[in-house]
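Protein chains in written order, with the numbering used here: chain A, 1 to 337; chain B, 10001 to 11203.
Just so you know, the hints here were simulated from the structure itself, not pulled from any lab data.
Every residue, glycine too, gets a C-beta built ideally from N, C-alpha and C.
Fair warning: there could be bad hints in the mix.
Below, simulated SDA-like cross-link-like pairs (lysine to any residue); rule was C-alpha separation at most 25 Å, straight line [as the list claims (entries may be wrong)]: (1) B:10589 to A:153; (2) B:10594 to A:160; (3) B:10609 to A:205; (4) B:10602 to A:218; (5) B:10602 to A:317; (6) B:11104 to A:160; (7) A:51 to B:11093; (8) B:10602 to A:205; (9) B:11137 to A:218; (10) B:10338 to B:10360.
Covered stretches of chain A, going by a simulated chain B footprint (3 or more residues, C-beta under 8 Å) [unchecked claim]: (11) 53–60; (12) 235–243.
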Amino acid sequence: MADLTTEYLGLQLANPLVPSASPLSKDLDMAKQLEDAGASALVMYSLFEEKIDYEEEHMARFLHEQAIGHSEAASFHPVPDNYISHQDEYLEQLHQLKTQLDIPVIASLNGTSSSGWIHYGKELQQAGADALELNVYYVAADPEETSRDVEARYINLLKDLRQHVSLPITMKLSSQFSSILYMAQQLEAAGANGLALFNRFYQPDVDLESLEVIPRLELSSSMESLLRIRWVALLHGRVNLSLAVTGGFHTTEDILKALLAGADVTHLCSALLQHGPEHLGDILADLKAWLEEHEYDSISQLKGSISQQHAIDPAAFERANYVNVLDSFSHPRGVRR
Amino acid sequence: MLTIDGNEAAATVAHKLNEVIAIYPITPASPMGEWADEWSSRGQTNLWGTVPHVVEMQSEAGAAGAVHGALQSGALTTTFTASQGLLLMIPNMYKIAGELTPTVFHIAARSLACQALSIFGDHSDVMTTRMTGFGMLCSNSPQEVMDFALIAQAASLEGKVPMLHFFDGFRTSHEVAKIAGLDDDILRAMIKPEWLAAHRANAMSPEHPVLRGSSQNPDVYFQARETVNPFYTRMPGIVQTSMDRFAELTGRHYHLFDYVGNPDAERVVILMGSGAEAVEETVDYLTRQGENVGLLKVRLYRPFDPDSLLAALPASCRRIAVLDRTKEPGADGEPLYKDVLAALAQDHVSGNSRFKAMPTVIGGRYGLSSKEFTPAMIKAVFDELAVEQPKNHFTIGIHDDLGQTSLAWDDMFRTDAHAETFQAMFYGLGSDGTVSANKNSIKIIGESTDWHAQGYFVYDSKKSGAVTVSHLRFGPKPIHSSYLIGDNDANFVACHQPVFLERYDMLDKAADEAVFLLNSPASPDKVWNTLTTKMQQQILDKKIRFYTIDAYAVAADTGMGSRINTIMQTCFFAISGILPRDDAITAIKKAVEKTYGKKGRKIVELNFKAIDETLACLHEVKIPNKASSDIQLPPPVPDSAPEFVQQVTGAIIAGRGDQIPVSFFPNNGGFPVGTAAYEKRNLALEIPVLDPDLCTQCGKCPLVCPHASIRSKIFPKSALANAPATFKSAPMRGKDFPAGMHITYQVAPEDCTGCGLCVDICPIRDKTNASRKALNMAPQPPLRAQERENWEFFLTLPEYDRRELKPTTIKGSMVFQPLFEFSGACVGCGETPYVKLASQLFGDRMMVANATGCSSIYGGNLPTTPWTTNAEGRGPAWNNSLFEDNAEFGLGMRLAVDKQEEHARELLLELRDQLDTNLVDAIINADQSDEAGIHEQRERVAQLRKALQNIASPAAESLLQLAENLCKKSVWIMGGDGWAYDIGYGGLDHVLASGHNVNILVLDTEVYSNTGGQTSKATPRGAVAKFSAGGKPTGKKDLALLAMDYENVYVAHIAYGAKDIQTLRAFLEAEAHDGPSLLIAYSPCIAHGVDLSNNHRQQDLAVKSGHWPLFRFDPKRIEKGENPLHLDSPEPSIPYKEFIQTETRFNMLFYSHPEDAEQFLQQAQEEVLHRYSYYRQLAELDWDEDTSIAATKAKTKQDKTEA
């Protein structure tokens, strides 16, 4: 029987299937079902600093509005004595997950300010997270800001946080960097333990009736996995970082491709939302079957076996898509035209 | 020590000493119920370790009934109320006392509604209960409130006489003071367990049943009534013993009557309530000046104990003035005066009097409706006692040039009470947090020093842009000054809003060498020039130190948005010198941490940053050596206003209402209409600007404007000849209008509140720039002068002939002139657009009965009121009776109008032969169902009147008086959900059942908005409101369904922000229905915890989620065999959660009680779906089918009616 174990962020995992940050981890029962189905670790939904800020602002406004009155009404709402914030809720859920699950729990943090990253990072470490995934997404919309400046934001953030947090840290990145490999090396130097490739975010959509811009998030499709597979193949062996792929991993095939390209773990989200936690068990079974059918001993054996460094055609990962696609229509070498 | 107000002091003791608390909101007593509810919902226990059960009832009458039942069943029970609420309790008070049941009612004493409602303090309410058999104990200060709440409870339990514990509304109920608390040991020591056991043993029980509440006949009732006498005889002694025991425990010793002053005084003032504090201060001063004066404070007013009264008076006493804070019209003196007089007379005839001769006693009235009662006035009373023939039945504090009752006083008189006191005044807005910051400052000073502290807060009567003036005193000695800080007395004056510079002479208040703090965007070197000449001169004359800060800039820079309260508070501590600066800053930071610490790390950081930044941005202004400004305070109303408006309205606006003499006032409560138009409040930072090229003339902007500040008019192009250059209009679109007509949408720039709802509703976007609409907000100041001129020109344009407009379209109906304008309602109010719409459609023939509540306050609170008239002088006739009786009040109007119309028709027929018979027949048979019909009838009636003048007969004279009733009159009954669902529901139900032609508009905000957002039966499940701090556990009452069951009632559920045309149709159909109509109007409110700039979105979400289905039930359709119910909104299309997550009233519960919130949400989701499907089924019933349930039911009802 093939050995499915893998190592991710220094954590020994039973297999490379790790549900990614999603609403699934908000529900304890669901989390248990995922564990039962074979998930080897769990990335929690994100603790959003923006949401905490929004809540604080909301509460400050609420308290301020208590003073907006007239002679008959000094206030309009009872002020709650206890108050469960997004952060309280998150830490409590982390605690519950840690208590009730045997698999490692990776907390996910989406911050906006430097002080926020450090503050919440420390809180998550204290609450018992096994690792920390930093969900960084920044829309560089300031024409004065150079690409170097943008990269520096990530690097500095990580450096600051590294000083205060001893947990393994993985950076969940966007694909929109001029040089992902260079960026990865910089992050490694700044103290990252891993990378998660790549973030999927709400995109602005337009309501044609109201002409308003509405954020929209669609579930992923397998097509999206290819971008991740390319970059994990390019990164494997070039950096000393754990590598996770996330976004578009729906089928056993998607996952195998990523592992072959060099991923240490593959994250699943949309597929589990669509098909339920048992889908993970099905994939796991298929994965085992494939490995056995193809006579692989272990995941570590196949991991990175088609990465750019080991690929049959290393240049394929570097070619621009257009050429690549056209190329796929050329005749086999041994065929006369 | 605690720093709390009188209400909290009373509630603290009441919550500790009771098991059941039945409540109902009424100003100024509401906070007592709110505290009790909040503490119970947090699980706070009473003295015996259980959490008191707090229940809100449907009215004070209901609360009193519940109290009676709970008392009879052995629970320690209490309630809190005031004013008309107390009057509603009177029937039960007789019962409770008649059954010798111990309880304490805590009363924030308030004026009664007579010629007008007033929310302020006097003893009119409590005095009406003195025959009920309740004992009456009066507290004079927040400390006494706490102490007497306990003493009253102990004495009542011991003596079995129920007690009314009262204190002055606002002056004591809302005065924040530093007082000593009462710990549980003291409470326990005061309440003997055997009394509690006796109370419980007296409870009704099937284990040992007794019948109470029997009906007695002439043979025995009288005797049985006399059985209670021994209890009343014993009660004063019991109260005194209770006071003595309290003294042993706390060192604070009270007596039934407390005398202070010269032990050999010849002149003595007797009174009770907060006024006694000011008298004590004055007596203390005058005695030290060698005057032989004294004060007798009445503590226990009922049972009245003449012996204790006489014993407490010095034997030297020769002249007594008894002051009553109430009025008994037609009596030869007020109650306390007569009681004192009777005591002295009885003493005199007994032959055992301590007095050499019976003292001369005069009675006077003071302080009605919280009228100021100052040492100067008190000195005038003592002076009056010194004249040979002192005036009896005098008044003090007003200028009575009508009855000549008033005493004159010297405004300049001061005691020396404030030699060591620091007095500070702050002018702020309700919305800028000034009051809460000041409450916080009092706490800081109270807690970090040994000083005594007092805070009192005066609000103006508006809801939008309410001005607050805070009066704070701090000093080493106890503060007895139960009056406002006077002219030249304030050591510190702060102006938190620069716009007040052109409204108030605030430096009149400043003492010599005072500090003046101004929040102003002007730089320190320019700010001097923004002051009026008068202020500059006052700064020079009084050597005032002048500081300035741009608080809004500091707030914006430090991420505080527009919250300036912490910044201004920091300034106060930094420059007042009241505490060492660093200590003060530390204390403010500590307070910030306490307020926000648990809820917001970042908010604390922002506040700290703002505090530090404030110190860097606060500047002392270098004072030039002479005044250079030519700015003068503008007159409060324009010089062109009518005389009454100048003399009365203008004086009130300018803050000089106290000086208006009696004779200037109408004696029957009637006031001229249309006065809101005179008060230009300039609240808006930004106002809407029209792009006439983009505008499609849809009429939505005037529809949604809560303040009638944007209007449309259609006029011939030729009228533009004299238009100002910037006046905007466009040729009229649409075939309904003749060529050459123009339309304009004009804003009243100084009346607009800047809510932005007109821009929000505007459906037209610039095709090349989606962020621009046909209306766009732009800063007001640069537009003010220009748009004022345009507005004035707009007013001169003629109104379009109503007969030519289509009222069924938004565009057409919005050309009707609003006869409800510029009210003081909240910015973005969700109620007023409905009220205004009714005034547009029917205002010229409308009579309005308005239930007490928000709509009666923004509709009828002086100085200026929004109901107005058209060019012919016609307009809504508006009146407010009470809270509980509004439907009946309106029905009475209808009955009178119908009766008089009937009589007019009778007279018309009687006089037919003497008149033009064609005219008579035309009048009798007139169709007044549309504008043209009404117009023609008015013309006919005018003709009739002319003709009648030539007929000399009693019938002709009568008809002349009644003829106006031949023209259509539309009766509108308006009020909020508190009225319609709760306190007035019985009457509303009766009026619906009566079948009479009235239109009922329920402005449903789903809470008691006016008193601060307490739960009503309209409050939805899961909403957090006062009295439902843990979320309302029951669903909203379906008033529409109840009304539809009558089947002859027109019923509509409307939300103009979701579907304006449906709202318009409902109004027109309701008016057309010859029977009762009920419009239930969804009205977003500040109490929902939403920014009202989202008013329309909230209405839309309410409809889409199914929370507020739109429908109309028109009985007219039944006659045609059609189903009367028509659904106007589709099935819920968004999850209920999507609606509730946008409103604090719902989403707060997800933070405080997430599991309950989730459960309420699920239930509510099911309910809205179920309700919609139920309505749909009702709407699908076949009414044409003889055997259908609906038709059968209708038939049965018809048979019943005919029988």
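Check whether the Cα positions of residue 10609 (chain B) and residue 205 (chain A) lie no farther apart than 25 Å. 38 Å, violated
- Message: Checking one constraint from the list: CA of residue 10594 (chain B) to CA of residue 160 (chain A), max 25 Å. Satisfied?
- Response: The given pair, whose Cα atoms are some 30 Å apart, is violated under the 25 Å limit.
Hint check: residue 51 (chain A) vs residue 11093 (chain B), CA-CA at most 25 Å. Holds or violated? 22 Å, holds
Q. Is residue 10602 (chain B) within 25 Å of residue 218 (chain A), Cα to Cα?
A. Not OK: residue 10602 (chain B) and residue 218 (chain A) at ~33 Å, beyond 25 Å, violated.
What's the verdict on residue 11104 (chain B) and residue 160 (chain A), does the C-alpha distance respect the 25 Å limit or exceed it? Violated, because 47 Å separates the two Cα atoms, which is more than 25 Å.
Is the straight-line distance between the alpha-carbon of residue 10589 (chain B) and that of residue 153 (chain A) 25 Å or less? 32 Å, violated
_Agreement of residue 10602 (chain B) and residue 317 (chain A) with the hint, judged by alpha carbon distance not exceeding 25 Å_ = With Cα atoms ~46 Å apart, residue 10602 (chain B) and residue 317 (chain A) exceed 25 Å; violated.
- Task: Quickly compare the C-alpha distance for residue 10338 (chain B) and residue 10360 (chain B) to 25 Å and report which way the hint goes.
- Result: 13 Å, holds
Mind checking the alpha carbons of residue 10602 (chain B) and residue 205 (chain A) for me, to see if they're no more than 25 Å apart?
It is violated: about 31 Å lies between the C-alpha atoms, which goes past 25 Å.
Can you confirm whether chain B covers the segment 53–60 of chain A, using C-beta to C-beta distances below 8 Å and requiring at least three such residues? Held - the segment 53–60 of chain A has 7 residues with a Cβ nearer than 8 Å to chain B, which meets the minimum of three.
- Query: Taking 8 Å as the C-beta cutoff, is the stated coverage of the segment 235–243 of chain A by chain B satisfied by three or more residues?
  - Reply: Coverage by chain B is violated here, the residue count being 0 at a Cβ distance below 8 Å.
Would the hint linking residue 11137 (chain B) and residue 218 (chain A) be met if the CA-CA limit is 25 Å? 21 Å, holds
Hint compliance for this structure: hints 1, 2, 3, 4, 5, 6, 8 and 12 are not met, and every other hint is.
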